[in-house]
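Chains A and B, in that order, are what the protein sequence lines are.
Each residue of the first sequence is one higher than the one before, starting from 1 at the first, in the UniProt record's numbering.
Each residue of the second sequence is one higher than the one before, starting from 1 at the first, in the UniProt record's numbering.
If you are wondering where the hints come from, they were derived from the structure by calculation, not from laboratory data.
Careful: at least some of the hints might be erroneous.
Treat identical chains as interchangeable: a pair holds within one or across any two.
Said to hold, decoys possible - Derived lysine to any residue pairs resembling SDA-like cross-links, with alpha carbons at most 20 angstroms apart:
(1) Lys138 with Ala117
(2) Lys75 with Gln90
(3) Lys114 with His93
(4) Lys114 with Arg91
(5) Lys75 with His130
(6) Lys138 with Met43
(7) Lys75 with His93
(8) Lys138 with Ala121
(9) Lys114 with Tyr125
(10) Lys114 with Asp133
(11) Lys114 with Leu139
(12) Lys114 with Ser56
(13) Lys138 with Leu115
(14) Lys75 with Tyr135
(15) Lys114 with Ala9
(16) Lys138 with Gly124
(17) Lys75 with Arg131
(18) Lys138 with Arg23
(19) Lys138 with Ile127
(20) Lys75 with Leu87
(21) Lys138 with Glu113
(22) Lys75 with Gly124
(23) Lys114 with Asp98
Quantities reported herein were computed from a predicted structural model and do not represent experimental measurements.
Here is what each chain is made of, one letter per residue.
Number of protein chains: 2
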Amino acid sequence: MTIDDRALAFETALRRAGVRITRQRAALLRVLAATHDHPDATMLHARANEAGAGVSLATVYRTLSELESQGMINKVEFEGEPARFELADQRHHDHMIDVDTGEVMEFFNDRIEKLQAEIAAEMGYEIVRHRLDLYVRKLS
Amino acid sequence: MTIDDRALAFETALRRAGVRITRQRAALLRVLAATHDHPDATMLHARANEAGAGVSLATVYRTLSELESQGMINKVEFEGEPARFELADQRHHDHMIDVDTGEVMEFFNDRIEKLQAEIAAEMGYEIVRHRLDLYVRKLS
DNA sequence: GTGCATGCAAATGCTTTGCAATTAG
DNA sequence: CTAATTGCAAAGCATTTGCATGCAC
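Based on the provided sequences and hints, a complete structural model is requested.
Take a look at the structure:
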């Protein structure tokens with residue numbers, strides 16, 4: 001799926017949900033469709049405007065909320081920094097954060113997922129969602 | 001260890017670290033020593049003042065920072081709420097949050113801990129710290 | 001045309017900080 | 001005595017919101 005395809009898919013999904021596609025939203029969708037890292041609202045704002053879009057930060061926040069409640073992006077909150085965002089059209093995964101560089105990596109481990117569900121079940125609960133963040137340092 | 005013992009242990013550790021024990025700090029240490037839940041700064045402020053202490057919120061925050069950098073308490077940041085605090089003098093554990101009641105429970109699973117370390121090692125990293133939060137709902 | 005979306009600036013909520021007054025050791 | 005600590009009010013930061021104007025459909 002190309003960036004254009006993805007941006008178009010976003011637009012279609014939003015239209016279907018009764019959301020109007022404004023110039024600002026189209027620009028943000030394009031920026032998001034091209035995203036391979038974990039930018040925060042300010043970064044997305046900067047990227048949209050670098051592309052000549054003219055979008056206010058308030059609109060960035062409003063659009064991100066909308067996209068999140070549509071389930072199209074995920075908000076990721078690491079400790080002590082502004083919320084970051086990632087595309088939701090991927091398999092579930094957890095995050096590793098390099099404490100020296102700030103780099104965010106993704107990983108998935110099925111055994112951990114299963115163990116979490118078991119632990120919750122043993123205590124009489126089911127998991128609604130979970131967050132597993134590993135703050136790591138490169139081995140020397 | 002009683003609450004008084006614990007409060008005294010805190011004082012001793014702080015004095016040893018060259019931190020002065022003021023009336024305000026003593027009151028907060030007492031409140032913390034009696035803590036079995038996961039209060040935030042405002043709650044701790046309220047509890048200290050209910051006990052007739054006369055402590056400002058700024059001092060609560062400053063004391064919590066001090067205690068955290070001394071490794072005596074841990075700051076716990078759940079999604080979308082003010083930071084909470086817990087005593088550090090316990091075995092490491094993770095948290096389960098009941099999404100309906102807000103109740104916070106603790107659990108520990110050695111297999112999950114080991115798997116995390118293995119995953120990090122495979123990717124060439126060592127874990128500095130980690131956070132695992134399960135947002136759960138009671139099974140009906 | 002009509003109502004949803006925008007920009008702006010002000011408000012919010014949590015947390016930190018500058019500074020003059022106070023107090024622990 | 002004197003340097004650390006406090007309270008207060010102001011500032012900081014990320015995020016949200018009220019409102020008048022603008023624009024998508």
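Results of checking the hints against the structure:
In the homo-oligomer, the alpha carbons of Lys138 and Ala117 lie at most 20 angstroms apart only across protomers (13 angstroms), although the nearest pairing inside one protomer, at 30 angstroms, exceeds that limit. In the homo-oligomer, the alpha carbons of Lys75 and Gln90 lie at most 20 angstroms apart inside one protomer (14 angstroms), although the nearest pairing across protomers, at 31 angstroms, exceeds that limit. With identical chains, the CA atoms of Lys114 and His93 are at most 20 angstroms apart both within one copy (13 angstroms) and between copies (18 angstroms). In this assembly of identical chains, the alpha carbons of Lys114 and Arg91 lie at most 20 angstroms apart only when taken from the same copy (15 angstroms versus 23 angstroms across copies).
For the homomeric pair Lys75 and His130, the shortest alpha-carbon distances inside one copy (13 angstroms) and between copies (19 angstroms) are both at most 20 angstroms. Taking CA atoms no more than 20 angstroms apart as the test, Lys138 paired with Met43 passes in neither setting, with 26 angstroms inside one copy and 38 angstroms between copies. In the homo-oligomer, the alpha carbons of Lys75 and His93 lie at most 20 angstroms apart inside one protomer (13 angstroms), although the nearest pairing across protomers, at 25 angstroms, exceeds that limit. Proximity of Lys138 to Ala121 under the C-alpha cut-off of 20 angstroms is restricted to the inter-copy arrangement: shortest distance 9 angstroms between copies versus 35 angstroms within a copy.
In this assembly of identical chains, Lys114 and Tyr125 lie within 20 angstroms of each other by CA distance solely inside one copy; the values are 14 angstroms within and 23 angstroms between copies. For the identical chains of this complex, Lys114 and Asp133 are neighbours both inside a copy (17 angstroms) and across copies (15 angstroms), given an alpha-carbon limit of 20 angstroms. Taking the shortest alpha-carbon separations for Lys114 and Leu139, only the inter-copy value of 17 angstroms comes in at or below 20 angstroms, while the best intra-copy value is 28 angstroms. Neither within a single protomer nor between protomers do Lys114 and Ser56 lie at most 20 angstroms apart by alpha-carbon distance, with minima of 42 angstroms and 45 angstroms respectively.
Taking CA atoms no more than 20 angstroms apart as the test, Lys138 paired with Leu115 passes between copies only; the shortest distance there is 17 angstroms, against 26 angstroms inside one copy. When the C-alpha separation of Lys75 and Tyr135 is checked against a cutoff of 20 angstroms, the pair qualifies both within a copy, at 18 angstroms, and between copies, at 15 angstroms. For the identical chains of this complex, Lys114 and Ala9 are neighbours neither inside a copy (32 angstroms) nor across copies (40 angstroms), given an alpha-carbon limit of 20 angstroms. Within a single copy, Lys138 and Gly124 get their C-alpha atoms only as close as 38 angstroms, which misses the 20 angstroms cut-off; across copies the closest is 6 angstroms, which meets it.
Taking the closest pair of Cα atoms, Lys75 and Arg131 come within 20 angstroms of each other both inside a single copy (11 angstroms) and across two copies (17 angstroms). Within a single copy, Lys138 and Arg23 get their C-alpha atoms no closer than 43 angstroms, and across copies no closer than 44 angstroms, so neither meets the 20 angstroms cut-off. Taking CA atoms no more than 20 angstroms apart as the test, Lys138 paired with Ile127 passes between copies only; the shortest distance there is 9 angstroms, against 31 angstroms inside one copy. In this assembly of identical chains, the alpha carbons of Lys75 and Leu87 lie at most 20 angstroms apart only when taken from the same copy (9 angstroms versus 29 angstroms across copies).
Taking the closest pair of Cα atoms, Lys138 and Glu113 come within 20 angstroms of each other only across two copies (18 angstroms); inside a single copy the shortest separation is 24 angstroms, beyond that limit. For the homomeric pair Lys75 and Gly124, neither the shortest alpha-carbon distance inside one copy (28 angstroms) nor that between copies (27 angstroms) is at most 20 angstroms. Taking the shortest alpha-carbon separations for Lys114 and Asp98, only the inter-copy value of 19 angstroms comes in at or below 20 angstroms, while the best intra-copy value is 25 angstroms.
Violated hints for the displayed structure, listed by number in ascending order: 6, 12, 15, 18 and 22.
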